[in-house]
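Student: What follows is each chain in one-letter form.
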Amino acid sequence: MRELIGDSYRYRELIWALALKELKIRYKRSVLGFTWALLNPALLMLVLTLVFSTILRFNIPHYAIFLLSVLLPWTFFSQSLAYAVEAIVTNGDLIKKVAVPKLVFPMAALVSNIINLLLSLIPLAILVPLLRHPFYWTWIYLPVPLLALAIFTLGMTFFFAVANVFYRDVAHILQIVLSAWFYLTPIIYPIDAIPARYQWLLKLNPIIYVINGFRLSVYYGLLPKAPSIIASFVCAFISLIIGFYLFRRYQDNFVFYV
Amino acid sequence: MSNGEPVIRLENICQHFRVIHERPDTLRELFARVFRNRTSFHDFEAVRNVSFEIGRGQAVGIIGRNGSGKSTLLKIIAGVYRPTRGKVEVRGSLAPLIELGAGFHHELTGRENILLSGLLMGYSKKEMLARQERIIEFADIGEFIDAPIKQYSSGMYMRLAFAVATEVDPQILVVDEILAVGDAGFREKCFQRIHSFREAGKTILLVTHDMEDVRQHCERVMVMEQGSVIADSGPEEAIAVYKSLLLPEVVGAH
Numbered sequence: 151m152r153e154l155i156g157d158s159y160r161y162r163e164l165i166w167a168l169a170l171k172e173l174k175i176r177y178k179r180s181v182l183g184f185t186w187a188l189l190n191p192a193l194l195m196l197v198l199t200l201v202f203s204t205i206l207r208f209n210i211p212h213y214a215i216f217l218l219s220v221l222l223p224w225t226f227f228s229q230s231l232a233y234a235v236e237a238i239v240t241n242g243d244l245i246k247k248v249a250v251p252k253l254v255f256p257m258a259a260l261v262s263n264i265i266n267l268l269l270s271l272i273p274l275a276i277l278v279p280l281l282r283h284p285f286y287w288t289w290i291y292l293p294v295p296l297l298a299l300a301i302f303t304l305g306m307t308f309f310f311a312v313a314n315v316f317y318r319d320v321a322h323i324l325q326i327v328l329s330a331w332f333y334l335t336p337i338i339y340p341i342d343a344i345p346a347r348y349q350w351l352l353k354l355n356p357i358i359y360v361i362n363g364f365r366l367s368v369y370y371g372l373l374p375k376a377p378s379i380i381a382s383f384v385c386a387f388i389s390l391i392i393g394f395y396l397f398r399r400y401q402d403n404f405v406f407y408v
Numbered sequence: 262m263s264n265g266e267p268v269i270r271l272e273n274i275c276q277h278f279r280v281i282h283e284r285p286d287t288l289r290e291l292f293a294r295v296f297r298n299r300t301s302f303h304d305f306e307a308v309r310n311v312s313f314e315i316g317r318g319q320a321v322g323i324i325g326r327n328g329s330g331k332s333t334l335l336k337i338i339a340g341v342y343r344p345t346r347g348k349v350e351v352r353g354s355l356a357p358l359i360e361l362g363a364g365f366h367h368e369l370t371g372r373e374n375i376l377l378s379g380l381l382m383g384y385s386k387k388e389m390l391a392r393q394e395r396i397i398e399f400a401d402i403g404e405f406i407d408a409p410i411k412q413y414s415s416g417m418y419m420r421l422a423f424a425v426a427t428e429v430d431p432q433i434l435v436v437d438e439i440l441a442v443g444d445a446g447f448r449e450k451c452f453q454r455i456h457s458f459r460e461a462g463k464t465i466l467l468v469t470h471d472m473e474d475v476r477q478h479c480e481r482v483m484v485m486e487q488g489s490v491i492a493d494s495g496p497e498e499a500i501a502v503y504k505s506l507l508l509p510e511v512v513g514a515h
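Protein chains in written order, with the numbering used here: chain L, 151 to 408; chain A, 262 to 515.
The shape of chain L in the complex, shown without the other chains (with noise of 0.2 Å):
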């Protein structure tokens, strides 16, 4: 774990330049170049809140804040591992020539989703008044499962970069896996949603306390309750010990299947 610290900050302007030149290649060569990062979650608010307050009414109100307060978490989670799986892989080239530690392809997959996070949170701190949603002062804890989400994604993109190097497979799994553990997580859907003899595999699922901050804070105006956020970080260290571990112990190896 220190090493892991020690060598995020060691090498924390390569991973930070590694980090805008994705983001500066996502948006190259569009005329609206870094603004669709807050364009784009803004038209997708827009598209959903429209959807849910004309077509598909639920009976839950401003359902397109109630959605979106875990659905820009979520998308930040399932982009940064979408990126990550294909971190080595896509570095092979740059693995056999030249002496980079490994860390920094996963880490600055991570960075780059972030900002991209942060950033899609500016559209929704706007839509939260226009639809007449209160703001909470909640809000202020942000933070906290934003940095539990973190570490649990961190973990995550190390664990399917590892897999990814040595069976090409993963990427195609991961896929699968990501959009069945949308379904089974209580975004599109309230957690009482879920019939009560049911409620205790929800309990299994470890994302759900990091999203249900999110949801609390943004669209409740409530702070989760205190074994929820532990629930939450022992998930997201859980994640990153196993994803790390694995990653240290075969990374040496990355060079010979690339």
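Since the hints were made in silico from the structure, they are not lab data.
Being a predicted model, the structure only gives us computed values, none of them experimental.
Hints are not guaranteed to be accurate.
[Stated by the list, open to error] DSS-like, lysine-lysine: derived pairs with alpha carbons at most 30 Å apart:
no.: 1; chain 1: A; residue 1: K411; chain 2: A; residue 2: K348
no.: 2; chain 1: L; residue 1: K375; chain 2: A; residue 2: K450
no.: 3; chain 1: L; residue 1: K174; chain 2: A; residue 2: K387
no.: 4; chain 1: A; residue 1: K411; chain 2: L; residue 2: K174
no.: 5; chain 1: L; residue 1: K174; chain 2: A; residue 2: K348
no.: 6; chain 1: L; residue 1: K174; chain 2: A; residue 2: K450
no.: 7; chain 1: L; residue 1: K246; chain 2: L; residue 2: K353
no.: 8; chain 1: L; residue 1: K246; chain 2: A; residue 2: K386
no.: 9; chain 1: A; residue 1: K348; chain 2: L; residue 2: K246
Given the coordinates of chain L, work out where chain A should sit on it, guided by the hints.
Tutor: This is chain A only, laid out in the frame that chain L set:
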């Protein structure tokens, strides 16, 4: 021959590669393999038990036929491969010119690439910014420095890459037959730089197929064959050994 303490020390270095013959394409095939316990790879020894020391300020050439393990050895020294067995010690900063422009991204501009590849080589942003102007000057590609490098000619690309790799002022320069490319003017410029590196007392390791380069720049030459160092001497003797390896091949071809 060494004028100073060793800056590169290899001890019984072995490097194995697993050569996979054929990957199981379908799950059925995979299961068939697993159950019959048939392995479809063999281990290939690219470098066998190599030990040597290189002293500070030495200019060493490595020659040998294709596939003799030269590049693998350089990559071990550069830290790209962790050897299967043995110990590598490198003292001082090392700039690997194993492939020019390894850290370059074609969508980024020359200027952005200078910073990124410098960071990849382990230098800080501050160091790279301080050297940026000199790198641009050496590369001598004019306005193109602010254009994405996918618009560069291959010559411009190489000039920039060479400038980045050498302007960072490494103590050890490792060069893998990259100087064969490029026009005469650029080659001349590169060799001048290598020459000034030598005068500054830096260590140089050069892999090449050009015997003229070896004669001109190296005081010590190693010959590799099938993963082992079979000669380690002055340039003329080593070149003679190398030529004797090539001889049967040439005769056989006619």
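Student: Run every hint past the structure and note whether it holds.
Tutor: Results for each hint:
Note on K411(A) and K348(A): the hinted pairing is violated, with a Cα-Cα distance of about 39 Å set against a maximum of 30 Å. For the proposed pair K375(L) and K450(A), the alpha carbon gap of about 68 Å is over 30 Å, so the pair is violated. Of the pairs offered as hints, the one joining K174(L) and K387(A) holds, with about 21 Å between alpha carbons and a cut-off of 30 Å not exceeded. With a CA separation close to 15 Å, the supplied pair K411(A) and K174(L) stays within the 30 Å bound.
Pair hint K174(L) plus K348(A) does not hold up; C-alpha atoms about 41 Å apart against a cutoff of 30 Å. Distance check on the hinted pair: K174(L) and K450(A) sit about 34 Å apart at the alpha-carbon level, beyond 30 Å; violated. Taking the CA atoms of K246(L) and K353(L), the gap is near 43 Å; set against the 30 Å cutoff, the hint is violated. The hinted pair formed by K246(L) and K386(A) meets the criterion: a straight-line CA distance of about 23 Å does not exceed 30 Å.
Between K348(A) and K246(L), the direct Cα distance comes to roughly 20 Å. Compliance with the 30 Å bound is thereby established for this hinted pair.
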